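J.: The chain contents come next:
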Amino acid sequence: MAMSDAPAEPPDRCEIAVVGGGIAGLSTALFLARAGRDVVLLDKGSPWGDSSGANAGTLSLQVKRTEMFEMGSTSIGLWAAFGTEMGIDVGFHQPGGLRVAESDEQIAFLREYGAEQEAVGFEFEWLEGNQLHDLAPWLGPEVRAATFCAADGYASPLIAGPSLIAGARKAGVRVISNAEVTGARTAKGGYRLSIGRRSLECEYLAIAAGGHSTKIAASLGVRLPLWVDCNMLTVTEPAPRIMDKVVTHIGGIMSLKQHVNGTVLIGGGWQGRGKFSRQTREIDPLAWVQNVGLGARIAPDLKTLRVNRAWAGYEAVTIDALPLLGRLPGLENAYVAAGARGGFHMGPGQGLVLSQLILEGETGLDISRFDPARFPQ
Amino acid sequence: MNQADLAIVGAGPTGLSAALVAARAGLKVWVFDDNALPGGQYFRQLPKQFRKTRKTVYDKEHGRASELFTAIHHPNVTYLPNATVWENPDPGILAFAAGERSGRIEAKAILIACGASDRPVPFPGWTLPGVVTAGGLQNLVKGARVVPGERAVVAGNGPLLLVVAANLIRAGATVAAVAEAAPATARLWRNLPRLLQAPEIVKLAVNYRGLMAKAGVPYRCGETVIEARGTDELEEVVLAPIDTRGRLDRTKARTVACDTLVAGFGLNPSIEMYRLLGCDMSYNSYRGGWMPKRSDDLETSIPGIFAAGDGAGIGGVEFALIEGKLAGTVIARNLGALDERTAAIQAAPLRSRLERFRKFRVGLERVYAPPSTWTELATDDTIVCRCEDVSLGEIRAREAQGFTSAFAIKGSTRMSMGRCQGRNCLPTLAAHIAARDGIAVEQVAVPRGRPPARLVTIGDLLQEDLPAPVFPTDPHLPRGEEVI
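Protein sequence lines, in the order shown, are assigned to chains A and B.
Under the working numbering, the letters of the first sequence match residues 1 to 377, in that order.
Under the working numbering, the letters of the second sequence match residues 1 to 484, in that order.
It should be emphasised that the hints constitute simulated quantities derived from the structure, not laboratory data.
Keep in mind that the hints are not guaranteed to be accurate.
What the simulated footprint calls covered on chain A by chain B, stretch by stretch (three residues with Cβ under 8 Å from a Cβ of chain B suffice, anywhere in the stretch; the number is not a length) [stated by the list, open to error]: (1) 106-119; (2) 160-168; (3) 213-226; (4) 243-254.
In this text the structure is predicted, and so the values were computed from the model without any measurement.
We put the CB at the ideal spot given by N, CA and C, even for glycine.
Bound-form chain A, shown alone (with noise of 0.2 Å):
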């Protein structure tokens, strides 16, 4: 979904420039700017116009890779704060969520992650049978085991885009639209991007641009290896209570929530027909229907509802599902955050670490995993 517009031609210079207007770089960017910095905010389009608001908005740790656990959790906890501690509404919920299981291979498998991910120290209850059936009598009777966290919850991408640009400004970020970063380059202390015929000089530069960024690093002769999926998502009209939880599947391939305003969204990753190199994004109407269908078999009454809308956003990563998050190889004060799986889950965590990373040179967080330089350059 494309966001805020307003006419703004980018400035010279300024100290910190942030590119990417989606989760990762507004949160980078609103944490640098509420600690007094300046900060420019480039958009090659409108902000919050491409993956972060095309995305199910699911929060859920249970789904995501162990190593990814302190992140998530970080993030989760940052979502939340979002509204109470900075006045900007996101649309958070947590209602808990429950990852289930159909078969007895997805059930051992179930089984075999929850104990790598209690040994990282990741809290959830085991579900099966009645107990299960119990606790969420919506489900299908195929769902025969599920793990329940009671942190999982979602996010409105729709919500929190508009609040987060909004407040983003108020703490100070000059948000651009339309400023493509078509190249960069160091400059004397620090960096010079090209934005079209204008150029801008900064002190500190923050990539944060989906897949965009491989390029944008590789002016600066850096290597960001990336992928990017291209996600379906389907959305029905409002409706009566059919669900109370966020659901994903062991399988890793469904994602499915009711939203306060009775709409229920239905992801999982299910590939659309959409390359990025040539920008389209279209639904695959045979996966879409399958991907529909399992939702409705995870929650029978979803049957009974009508589909308002479906489309497609990508979502980039990296070959071992690990974000690239750190300084750039060889590079001082220029940093990166791109390519986590569950990107927007991990958007406010990873702008956290890139903010502290400018201000104080060092994060709290352990990122080691996650060093960009990981790959051959």
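We have chain A; now place chain B onto it with these hints.
T.: Leaving out everything else, chain B in the frame of chain A:
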């Protein structure tokens, strides 16, 4: 997969007349319609459960339609009522939801004949119970023989107001006033030669006016509704004169007591199918805004996809019937069911009649051309998106924060995200932005339609026999292409 020579979306005057011609020529035709009974809006039928105690004028119209209705029983026609065509998954293929019969069809040609819907124009009080659109009133009268109140005001723009007034009078309602925004009567004589190209339609209008005169119903041109008032439901409407330059004179406003306001501001073609198919579009404000570009053979920019009737540009039922026949003929010829000569002979009178109607339509458009800015009646309190309850004031507040494009307004207010899928509010939003920025409506970029073309029940989708999905081995890993 189902196979057809011709798939027609819509069983109104256009779709049925095309189906009949094509089926008689030997084509295998499928007709999809989202109503329970054929006829579309114009030939809308009473539900089967209703019993008629006496014949009415609508039955006379349906007499004309009875031949059309035979189309659904033609052995070459497969007719699917209560069916929603929701996507064009691949070239030449339509996906449809129709209960247990849901599925996909591959067709050599596709005719989009989806008709039109009321052009929404928000004004203060337009959401009060008792305020209905012209199309809505017609549906109540034709589809249920119901008139929503006893004392009605009819206001807006265009010839449909005359039809509505006549129907209300026939149904026994009192019509307190008919307010036509355009100075139609004053322009009538100048355009009479063009109008008389279609004497059969002019005659209808004369009948309507005669009926109104007999019932003592005043028809005032150059006047528009500016407000509907009432506590829980409509009690009165405020009408104000409007000059030829579109300036309202609120000082000369008058109040008329009524329990029903029929507001008809013209029709918009239903364009969601074209958007899904990717047809090139053009804009014509006189014919309802956006519509597909078409060749003389009614073919869109995509070979094999045809568009006819009001859904391809508002023209009315006579237009629709002829265009349907022409589309059926042309498609039968293209698919080899009619030889060139026979097709040309069949098409010739249709084309000349269309030519005549086109001249008539130009005359009609000139008579009823409304002033350009007369629809800016909403105030901050006025709801402009009824599905999501978004007021004009909320839009203005977002604009002040920098959310100015249609995309940003949609994203920040939920406008156009409700059940109407934007049909009832995006035209309003486009007009608002055009007026704000001083540009033409067609220059305003609005969010494109997303599949499904219409709301579709998930249970219906699952009736389709589909292969079992393949799950990824590790869902964390990328599935898309590498960024180069």
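J.: Give a verdict on every hint.
T.: Hint-by-hint comparison with the structure:
1. 106-119: This one is violated; 0 residues, fewer than the three required, reach chain B with a Cβ under 8 Å.
2. 160-168: n = 4 at 8 Å, threshold three: holds.
3. 213-226: Three-residue rule met by the region 213-226 of chain A, so holds; n is 4.
4. 243-254: holds (count 3)
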